[in-house]
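Following the hints, complete the assembly by docking chains B and C onto the known chain A.
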Amino acid sequence: MSKHKSIYSFLIEHRELPLLGVLALLLAIVNIRVPGYLANSWLNVLKNGSINMVMCCGMLCVLLVGSIDISTTAVLAFAGAVAGKLMGLGVIQNTLLMFVLGIAIGAAIGAVNGILMSYGRVIALIVTLGTSYIVRALIPMNWLLGMNKVNPTQLTQGFKDSLINHEFLGLPFLVWLAILVVLLTALFLNYTRTGRNLYAVGSNSEAAQMRGVHLNKIRVLAHTICGASAGLAGIMWLAFYAAIEKGSATGDEMFTIAACVLGGVSVTGGYGKITGVVIGALMVAFIDSAIPQMQIGNSMITEFIKGILLLFAILLNVILQRISAKQDLAGRNI
Amino acid sequence: MSEYILELNGITKIFPGVKALDNVHFNLKAGEIHALAGENGAGKSTFIKVITGAHQPDGGEIVLNGERVVMSDPIIAQERGIAAIYQHAASYPDLSVAENIFAGHEYKIGPFIDWGKMNREAKKLLEAVDADFSPTVSVGSLSVAQQQLVEIAKALSMNAKILIMDEPTAALSQREAEALYKIALRLRDNGTGIILISHRFEDIYGLAERVTVFRDAQYIGTWNLHEVEQSFLIHQMVGRDINQLYPKKETETGEELLRLENLSRTGFFRDVNINVKAGEIVGLTGLVGAGRTEVMESVFGVHQPDSGKIIFRGEEIHSHTPTQMMAKGLGYLPEDRQKDGLLLQWSINHNISLPVMSKECQNGIFISKSKEYQLSEGMKDLLAIKAPDTDTLAGALSGGNQQKVVVAKQLAANPKMIILDEPTKGVDVGSKAAIYEIMSDLASQGLGILMISSELPEVINMSDRIYVMSEGKVTAEFTDTKGLTQEMILNAAMPKTKEAS
Amino acid sequence: MKKIKDFFTSWEFFLVILLAVVCAVFYYVDASRVAAGISRRPVFYFANVVRSMRPYFLYSFMTLGMMLILAMGDIDISVGAIGTLSVVTLGVTYNNLAVLGGMNGAMALTLSLMACLAVGCICGALNGFLCTRFKELFSMIITLATQLFFRGFSYLIIGGETLTFKDPTFRSLSALNKLIDVAGIKVPVSLPVFLVFAVIFFVWLHMTGNGRKIFAIGTNRSATYYSGVQTDKIKFWCFVIAGLMSAVTGIFFVGNSSSSVKADIMDGYHMYAIAAAVLGGFSTDGGKGSVIGAAISLVIFGVVKFGLGTLFGFADSAVNLSVGVILILSVLVPNLIEDWQNARRVARRRAETAAANN
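Chains as they are written, first to last, in the numbering used here: chain A, 1 to 334; chain B, 1001 to 1501; chain C, 2001 to 2358.
With the rest of the complex left out, here is chain A (with noise of 0.2 Å):
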């Protein structure tokens, strides 16, 4: 039975494949309409992805463990403004420090949702939706820093120029460093016991339980994460656009978890691979760079273009796997 493994099955086994072939057909696509389009855009594409390519990272780590977060965007605002406004309040100077102050605010609400979820038992949906609303609340209130939102003028030069105008092989700091959580998270999630007991977590918590796993600090560990790369992902878009506000990239969460769904990453938990993540949010980023360019109806359509795909996508994932099984069946020979 699993010695003659047929194309649907390997398909299934490899779900990112059929989005690399549908990646590659796009791209030659638009490429033809669009003459010169990939040897002028791919840089744009990967800076512009780089934001959404962290946070997909993080949201891998939730989707593994069978959990989901919504409040990634709200986060990276959250984060984004309050060391953006220690930055023009003058207490912080220092790069590094905005990316480590970064880094520890989202961690620390992502744990927040972590312990609310697991231990306090409230469905991460609900648990996420609060704290969204919550976090973005808070973001202009008086008490916090006394700012409604970060402007270029408060930000320091150095930051400014930290991760767009400092390259290294031709590629800006910005890419370099979605690399880097890329291959962070890819070592932690495939070498590493801890990660991968977040696979096992959700593909079978009572097994895992049972085999001595702690579910609820493997759960939080996962949010924890994945508030760690939205926070980490507020300090790169202040970097990047220079200004971040109460509503910076609100329902931008959705296209994090359609690039996830995008790359195979199973909803019910236990399955999904960094390889599919990265290709998956290298599709959504270059959606919104090259449906416009291709000057198809208005300017809009990207969106519509990016629900038929995710639409198709996870429908034809799971007409491969029906396919799969009834070729699987039909060798029973019954």
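Among the clues, some could well be false.
What the hints assert, rightly or not - Below, a list of computed lysine to any residue pairs in the SDA-like style, where the Cα atoms sit at most 20 Å apart:
id, chain 1, residue 1, chain 2, residue 2
1, B, K1359, C, R2348
2, B, K1019, C, K2233
3, B, K1117, A, F188
4, B, K1359, C, H2206
5, B, K1369, C, N2210
Unchecked claim - Covered stretches of chain A (chain B as the covering partner; in silico rule of three or more C-beta atoms under 8 Å from a C-beta of chain B):
id, segment
6, 118 to 132
7, 199 to 211
8, 220 to 226
9, 262 to 271
To be clear, the hints were calculated from the coordinates, so they are not data collected in a lab. Heads up, the beta-carbon is just placed ideally off N, CA and C, and yes, glycines get one too.
Quick look at chains B and C alone, frame taken from chain A:
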């Protein structure tokens, strides 16, 4: 040092609302298989979890190799050489075989997992248990029996001194179970102490030297198996004698209710011909995975067959649903009553009224509470469901009484024929007798009953006719059950193709 | 006796207490502000609160639809996007028929209202179709995808532009935003309409067999299917009705928003709808909740928003803060109480066992 490698004295465990273990004892020698028997809910599973450190006892002591230990964590139990194989394979379907085997004790280089070594070692272990699959495939793609082999390889990989087998054969065919026994005996001969939990007396008598019985969370006793009879053990487990386990009445058979002609569904069953008449109990048996449930689910409309005919009460059925089949007078008691049979969070009353809501319990479109209670109270009396009242939640009932509620749901719809899929699975001995009695009564009232069952004694003693399935085909029909032996049925149930090779 | 106890331990009773406490606090703050001379006359009195509910009651219809979905153990993230698409359809259809096509205004309005409701139903039907045909997928993922799809569709139709309506017939929709006199109190039109809908939903969900089956699906879909209930059919129609309720919300939205429409107007509304339903006792696990609870929680949200806004001068964001806190606490507190009760029971049993053993 004492002769026992593991002793548990006076263990007590309390859960909210229930005392799961009350001052129970157990001991195990090296190189011994010690069976643990008791009805469902006697506390066996909780006891196992205390040994493996998943639960902390509220009283009593655990003595391991003469040393008093506190298993505050499953990891401590593992480090001390305790491993367990569970009833439902406790595997991670999304992860590879190798990873499943070494989960929690991976080979590592520094802090990082050494995949190469893990796959190599897993391959060796798989060879040791005669498994023919690669360590890199995902466990979810394996059959239940293959997954059980992974569990055994996992236990081997831990070099366990004490191995707990919690109903390891429940999901296995006879042949696979025998392979498992061989491994168990080999481990025993190498000095491993094995705790065996099983409902099957043949397992207990065939493998174990001693048996300990729990009843109602209490310790009843420990005996050498060659000194005690099966009936004595049953008495100890149930707490009373079961006089007549199989109350089969002779009935007149009437018109034909169900006829299947060459019914086929790709990958599940092929050319199935079965018929059921009013007033008879037809047994449908075979190994797990032979396609019995799938045939009957196709009849009930859960799945659609690919070809062949279903004729129910003289009418040919096409593209049907459970709703339609129930309206036509067919009832179906699903195998997994907790998942498919009951709404555990709902009361008995609401469970029973659900299938007949629009027909029996409404005034117009509005629910009539009085009609609802009238129906469920009647059913509670008829089937002797043991509960304070019909507002009791289904989840609070014992397995046997839950099963009676599922039967009541079917009877409320006033069916002409009922399909019972493993009606006594996981039901204690006392309730089994009650369920057999209900079946017998229904048949004598002219209902046609088709019973899917793996328990050969009940198939032989309760059925008027028996069909045996193997690998998706009906391989035998026994029209006379007198003088029929388990061997004859098993012979028909064994896969023929594998026999030849 | 048991019934009385059930009543006092019910979630609805707790919500009423919560509402009373919130009102008492606001009333006290209001009175002391008047006494201290900060404000000239009280603002927190019944008629004023009812009148001011108007903007906060917009998503109430959507909440009713969301209740159905939550009761089945599903979730529908796309309701806001459906509302937007319905409104966009309403506006574009009217513009094409009346303004460009020269059709009689009333006729065009009727037709475009029908188109609006139809679009809501069609979107819901798409959700329902996908959720029943692709059971392997969570409704959250499906509706996340359809949300992007519907939102994209709105953008496809009107792009980033704002539709405005100077046409008097169309502006008659703002009648939905008016106040009407009920027993001397000025009441927003949406309130009695909502009450009518709420009563219909109450009777449906809690008094009919069909409603019982919806909760059965949420409790255990598989067992309900084996009980002969047409689970797919019920689920499909619930999604259709949720879509319809989104379209109804959209119509009130147009009445409220000075007749201008953009393609992102109702983004995030699904969150309000989910929040209100969850505070009302519905769980994303399915199988529980009551229409009365949801209605009370809508009132609580309305009162909290009004009170924080007018009395404390808090901006919308502070109101959102309280919504977030209430949302988490409404699930967390019952869980903690349950944990505490269980711990007490175990401790009692332990003490009994210890006493018996000595």
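Evaluation of the provided hints:
A C-alpha spacing of about 47 Å is found between B:K1359 and C:R2348, which places the hinted pair above 20 Å, so the restraint is violated. As the CA atoms of B:K1019 and C:K2233 are separated by approximately 44 Å, the hinted pair breaks the 20 Å bound. Restraint check for B:K1117 and A:F188: satisfied, since their Cα atoms lie roughly 19 Å apart, inside the 20 Å limit. A C-alpha spacing of about 18 Å is found between B:K1359 and C:H2206, which places the hinted pair at or below 20 Å, so the restraint holds.
Note on B:K1369 and C:N2210: the hinted pairing holds, with a Cα-Cα distance of about 14 Å set against a maximum of 20 Å. For the segment 118 to 132 of chain A, the stated coverage by chain B is not satisfied: 0 residues place a CB nearer than 8 Å to a CB of that chain, which falls below the threshold of 3. Evaluation of the coverage hint for the segment 199 to 211 of chain A: fulfilled, as 11 residues show C-beta separations to chain B shorter than 8 Å, against a requirement of three. Using a Cβ-Cβ cut-off of 8 Å, 0 residues of the segment 220 to 226 of chain A lie near chain B, which falls short of the minimum of three, so the contact claim is violated.
Three residues within the 8 Å Cβ limit are the bar, and the segment 262 to 271 of chain A against chain B gives 3, so the coverage statement holds.
Hints 1, 2, 6 and 8 from the earlier list are contradicted by this structure; the remaining hints agree with it.
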